[in-house]
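So the chains spell out like this:
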Amino acid sequence: MPATRRKHVVVVGNGMVGQRFVETLRQRDTGGRFSITVVGEEPRRAYDRVALSSYFDGVSAAELDLVAAGTYDSPHATLHLDESVAAIDRAASTVTTSRGRTLDYDVLVLATGSYPFVPPVPGRDLDGCFVYRTLDDLDAIRAAAAAAAEHTRGRRAGLVVGGGLLGLEAARALRLLGMSPHVVELAPRLMPLQVDEPGGAVLRRLIERLGVTVHTATSVAAVEPSGGRLLATLANGTELDLDVVVFSAGIRPRDQLARECGLAVGPRGGVAVDARCRTTDESIYAIGECAVVDGHVYGLVAPGYDMASVVAEQLLGRDATFTGADLSTKLKLLGVDVASFGDALAATAGALEVRVENAVENTYAKIVVSDDASTLLGGILVGDASRYAALRPLVGRRLPADPVAMIAPTGGVDLDAGALPREAQICSCNDVSKGAILDSIVEHGLTDVAGIKACTRAGTTCGSCVALLKPLLAEAGVEVGTGLCEHFDVTRAELFEIARSQRIGTFTELVQRHGRGRGCDTCKPAVASILASLGHGYVLDGEQAALQDTNDHFLANLQKNGTYSVVPRVPGGEITPEKLIVIGEVARDFGLYVKITGGQRVDLFGARVEQLPLIWRRLVDAGMESGHAYGKAMRTVKSCVGSTWCRYGVQDSAGLAIDLELRYRGIRGPHKIKAGVSGCARECAEAQGKDIGVIATDAGWNLYVGGNGGARPRHADLFLTSVDTRTLVRAIDRFIMFYVRTADRLQRTSTWVESLSADGQDGLAYLRGVLVDDSLGICAELDAAMESHVAHYSDEWADTLADPERLRRFVSFVNAPEVPDPSIQWAPERGQIKPLIAGPTLEVVS
Amino acid sequence: MRTVEAVEAAKAMETDVWDSVCGSRDLPVERGVAALLGDVQVAIFRTYDGALFAVGNQDPFTGAFVLSRGIVGSRGETPTVASPLHKQVFDLRTGRCLDSDGVVIPTYPVRERDGYVEVHVGTEAGRASR
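Residue numbers (my numbering), protein chains in the order written: chain A, 132 to 977; chain B, 165 to 294.
Here chain A stands alone, though its shape is the one from the complex (with noise of 0.2 Å):
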């Protein structure tokens, strides 16, 4: 205990940025010297105000608390909620609260934050008018919106008033309540703000294909009632028939109680404060959006967040200043990405602007750079917003590069942190800068980006800066192994050589002669699947079933709630009517939703551990078997219906399909492998975006290879044409043991055959000669490891069945196993189930 008193610190307002502020102060007031206390007028303590939205996206009030856990469970740090400050008497150091206490206080702080600016609008007060701004707000919209639902026919509508960031975040949750938005911005654009008027073109096409109907360059003239509906007019004449109008049409910081205790407020308001966030009372502080710095006032979290640990560090008496707010912006708004930074409007005097829009993608990448062309400052991005991360670090430096390549979308110069200059910021989160992250690679001996990660803390809030780190380790001078993580030096590729010649059959062998330690959830998967490739039999059997990520353990998928979902192979989409009634009953009888896979197959979610059995020895008794949706494996040969029903098919696509599908079954890889095979040259199986895609030609098969979907799609190579069956299959069986032999952990095949080109020539070139002119002198060794799997193939799912051993796994709790886990809970949704978390509960220790 410190011998003086604790200072007693006041904090008025309990959101986002008042909390931050206990927050900090808590965790580096390691000496005791303060106790806290915090007045907050809403009924909840502090929730991610920025996540919003989501609250209607199935995101529970719960989940947006952001109170680190135990943060009020001290005696020195006391929260009162649903209660306001209702006045300050500087000369007494006191404050008095809406249910009368009064606080006496050695230290202030402010956080009041702001309120919706609601434009005077005739009718703005109407019922069906709210403002976007706390959870209750939300809370009345939705039940505005259910109460519509009664009695409107036909789609709801709503109106947004505003078309800055808060005003599409806000049409993103009506639209969420299945309103049709409507946004009304008096700009000629949307987000007039961060983004150019190019750049508001593309961005409003983008809205409007989201359903979101944009009305810029007028405003909302009147609101009135119209047969229990809203009717709105706006300025250019235009009529809306609504359901709700929301005023989004920006913030007012909240000063009242500034003002009415003498404090200096600004000419606009909000309470003034210099660089160290004081007021004209040197006791007093304000933070976040209810203060206003070098006549700024600034309606972002991170400068709030700022600002916090700003007072945080002048109460613990060391010396920090506010300067001022880098406002760049990364964000996914309606799922449209958009990014502003630095001078992106163009402000300097002189600044130049290098633009590429691409209409038919709909992108818009801008830079703006100095009158000598030799200085970023700023740019816009929208519609793909994937180089802001480089980008943005190199704002006030000298190009690198040519500024056209910059923003090229495609053949552009590749950006990165070598171009950077020490004092470049690379996590503007945690303003971490180069220098700081090289520093720390050479004095902690950092080998990895998780290192950098928990050393620095850079990328380790949005993460946009994580793709920069990388590359350091190696500018730093680390050695940047290829090796698989911390227990094997060695490539994937490597050690499945290793694996087979040595003919090692355990991890603990492999580990303990070529490797260290104990190995982790990277090295211990891919081990096994190298074992499973190897032919060392069960994959659940003696060490074996330690190494398999849970996935494999219990041959389900888990999904996020830790329940897992079911799916039985069918092989290239093909089904008996009877296997689906069984499918279908299995469903009813367990409770599972269902969903229909992209792969032609049945998904089937929300089996506990202990009912896998149970729900699997009904689905092998109707013949079915597993699909290996859990497993780094082959999954599923699509297929379209082919010559034997279509008109146009030229081949029987699904007899191949179902053919290639029992061949390949289970075979474990470097990643999940999918094929597709079309009966005719309009490719409905889209099998140029599988892996392994085949179709049909008059004279035989076209073979394309590589191919994936996904966030990489690339379309597959043509390998081999027109060919006869079996040389198609060999041809296949070569292609995927090769892969399952060589490929990097989690490399896919499109990255792979990319991986393969070397001396000018090109992966496919090379590939060509090791599967089909044997260059390798390999290809006997490849036929005969397929025959081999081809012949030892079992069920995984009936063996499990078959085995008691095997199925002890499969219980709830150890000592309770029928048991069901109680923190497995449903709730309904569109006739069926759907899991509801607890969400995080991060326990933050200092």
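Calculated directly from the structure, the hints in this document are not laboratory data. Each hint should be verified, as a subset may be incorrect.
As the list claims (entries may be wrong) - DSS-like mimics (lysine-lysine), calculated; alpha carbons at most 30 Å apart, straight line:
{"no.": "1", "chain 1": "B", "residue 1": "K251", "chain 2": "A", "residue 2": "K803"}
{"no.": "2", "chain 1": "A", "residue 1": "K965", "chain 2": "B", "residue 2": "K251"}
{"no.": "3", "chain 1": "B", "residue 1": "K251", "chain 2": "A", "residue 2": "K710"}
{"no.": "4", "chain 1": "A", "residue 1": "K138", "chain 2": "B", "residue 2": "K251"}
{"no.": "5", "chain 1": "A", "residue 1": "K691", "chain 2": "A", "residue 2": "K710"}
As the structure is a prediction and not an experimental result, all values here were calculated from the model.
Place chain B on chain A using the hints.
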């Protein structure tokens, strides 16, 4: 035994509320099990060297009760388990998350007696796990 562990164990023995959760053979090497003790869920692990560890079963990043199903391994000298959801790694000895500063999960005393694995979930620990 380190001092902290010794004190913890001594405290636990005083109050004498060890729960037997399973037979020794039900706890394989490097593959966890979950146990339900009152309303507290505990994840119990046996590492390769034979040591036992017990931590809260709830993944603090998602709220799901799944840590017993994570992959057990090591980081440097530290015995670890990785969350099966998003792979954050926790120190089995202290409950500290090695990938995210300041995040910690509860730990519980665990021992093996007469062929049974026993866990001590005291009131302190019970509160910590919520």
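Hint by hint, here is what the structure shows:
{"no.": "1", "hint": "B:K251 x A:K803", "verdict": "19 Å, holds"}
{"no.": "2", "hint": "A:K965 x B:K251", "verdict": "24 Å, holds"}
{"no.": "3", "hint": "B:K251 x A:K710", "verdict": "36 Å, violated"}
{"no.": "4", "hint": "A:K138 x B:K251", "verdict": "42 Å, violated"}
{"no.": "5", "hint": "A:K691 x A:K710", "verdict": "28 Å, holds"}
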